[in-house]
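Just so you know, we're using the UniProt record's numbering here: the sequence shown kicks off at 1 and counts up by one.
Keep in mind that the hints were calculated from the coordinates and are not lab data. Hints may contain errors.
DEER-style ranges, computed between Cβ atoms [what the hints assert, rightly or not]:
hint, residue 1, residue 2, range
1, E74, P319, 28 to 34 Å
2, P319, P120, 41 to 47 Å
3, D67, T119, 49 to 55 Å
4, H114, T317, 47 to 53 Å
5, A88, V257, 27 to 33 Å
6, G48, H114, 25 to 31 Å
7, D157, T119, 15 to 21 Å
8, K77, D239, 41 to 47 Å
9, T97, A332, 42 to 48 Å
Cut-off 25 Å, straight-line C-alpha distance, at most; resulting in silico cross-link-like pairs (DMTMM-like, lysine to aspartate or glutamate) [stated by the list, open to error]:
hint, residue 1, residue 2
10, K77, D67
11, K77, D32
12, K77, E127
13, K77, D328
We put the CB at the ideal spot given by N, CA and C, even for glycine.
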Amino acid sequence: MVCLSEIVSPSTTSLPEACVKHKEPAMATTIDDVLDIVHRTGPDLLGGNANHAPMVAEALLTLGRPDAVLPWVEAYKNRFQEHPVSRAPLAYARWQTALGDRQRLADWVAFFDHVLLATPWQTVLQEWVPRLVPGLMAAATHGLIRTGHAVRSLAADETPQRLHELAEGLGYWAARYQVLPGTPSGRPTGQSPRAAMQEVQRLHGPDFDTRGSIVQHMQGLNEYPDFAQTIDLVDTADDLSAWLSELTETCAGLYLVNPTGVIAFVHAVTAPSALRLLLPYLHETDAQLAARYAWQTCAGIYAWYATMPPPARGSFTAPSATPDMLIDRAVAAGGAHTIKLTEACLREYALHPQAVYLAAAHDAVQRVGTA
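Using the sequences and the hints given, assemble the complete structure.
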């Protein structure tokens, strides 16, 4: 058994220096240490929510806070459950029949373990991300997000633990695959994410019942046939990075102004930000298609949960807190979504310095807190 308190070794991941407090720790936890623990546990927690441990650990290391990783995992581990056992090998020729089959999660993980032994992980992403992006809502976008964190750690160093973590992320995505109504046509309207979000119909008033899971709520979009046209409200730009920045900026604003669906709106920021980590490994046409599905996912969250329209650009001012202070606040709050949103917002801010990202990271401590 691995003792959490005894694991100490060099850190391997980092954010831009402006966002990091502890830039040169002498000794620190690596993601491999955490993955040795987490890979004994299932991708879902007791109660059915996603296991955030590998994602939060990687985010904390990226934020330059290796000191916080093991205490966080120690406090979180009482929610773990055992990893499911593979039932039967998944045949490559019949992979589509197992897509979205929750009972075959362990089979999917074993399948990707086998593929990653024989094929460079970059090639696996190039082949499989385009197959999975139509189901980007899988596990409330946690399939994508876990995959994104895995890829960032693999890009820093290829180890057996990190390769298996990629198998876990892709397997989770495949087993929980969930499509939203609508597929891209060849006739998108060409609007930007900010302009297009103004045209998405909000489906509920301020007093609607938010009980149930994000997965269940997104299934409810099937009752609204007009939503199927939403994916064609946008067209991606030649500068896909800037296009994604506009999407995450818009969604950070939606998070700030909407009092309901707070965790869902967190995902509307962290999911497209995670997709950004995968885009360098995709062909251009596949990257453009993936971005369209990221838009659809964010628009679905807006349609179901929003009670307020998108705020005008420039509506928010940056908090007085520095990036270091925002990181410390997130670590002190301890919530998985608070930490992940803070990391994503600081990373997005480094690429596209808009105050809304810092405002969202600051707000997360109050409204997301320990969640």
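- Task: Take a quick look at whether K77 and E127 sit within 25 Å of each other, Cα to Cα.
- Result: 34 Å, violated
- Task: Determine whether the Cβ-Cβ distance between P319 and P120 falls within the hinted range of 41 to 47 Å.
- Result: Given range 41 to 47 Å: holds, Cβ gap about 42 Å.
- Message: Does D32 sit within 25 Å of K77, going by the straight-line distance between their CA atoms?
- Response: 17 Å, holds
- Between A88 and V257, is the Cβ distance one that fits in 27 to 33 Å? At roughly 48 Å between Cβ atoms, V257 and A88 fall outside 27 to 33 Å, so the hint is violated.
- Message: If I claimed the Cβ atoms of G48 and H114 lie 25 to 31 Å apart, would that claim hold in this structure?
- Response: Given range 25 to 31 Å: holds, Cβ gap about 28 Å.
- Task: Mind checking the hinted window 47 to 53 Å against the Cβ distance between H114 and T317?
- Result: 51 Å, holds
- Between D67 and T119, does the C-beta distance stay in 49 to 55 Å? Once the Cβ atoms are compared, 36 Å apart, the range 49 to 55 Å for T119 and D67 is violated.
- Message: Given a hint of 28 to 34 Å, does the C-beta separation of E74 and P319 actually sit inside it?
- Response: For P319 against E74, whose Cβ atoms are near 30 Å apart, the range 28 to 34 Å holds.
- Is the hinted pair K77 and D328 satisfied, with a Cα-Cα distance of at most 25 Å? 22 Å, holds
- Outcome for the supplied range 41 to 47 Å, where the beta carbon pair is K77 and D239: Roughly 42 Å apart at Cβ, these two residues keep to the hinted range, so it holds.
- Query: Is the hinted range of 42 to 48 Å satisfied by the C-beta distance from T97 to A332?
  - Reply: 47 Å, holds
- Given pair status - D67, K77, alpha carbons within 25 Å: Holds: K77 and D67 sit about 17 Å apart, inside 25 Å.
Hints 3, 5 and 12, counting from the list given before, are not met by this structure.
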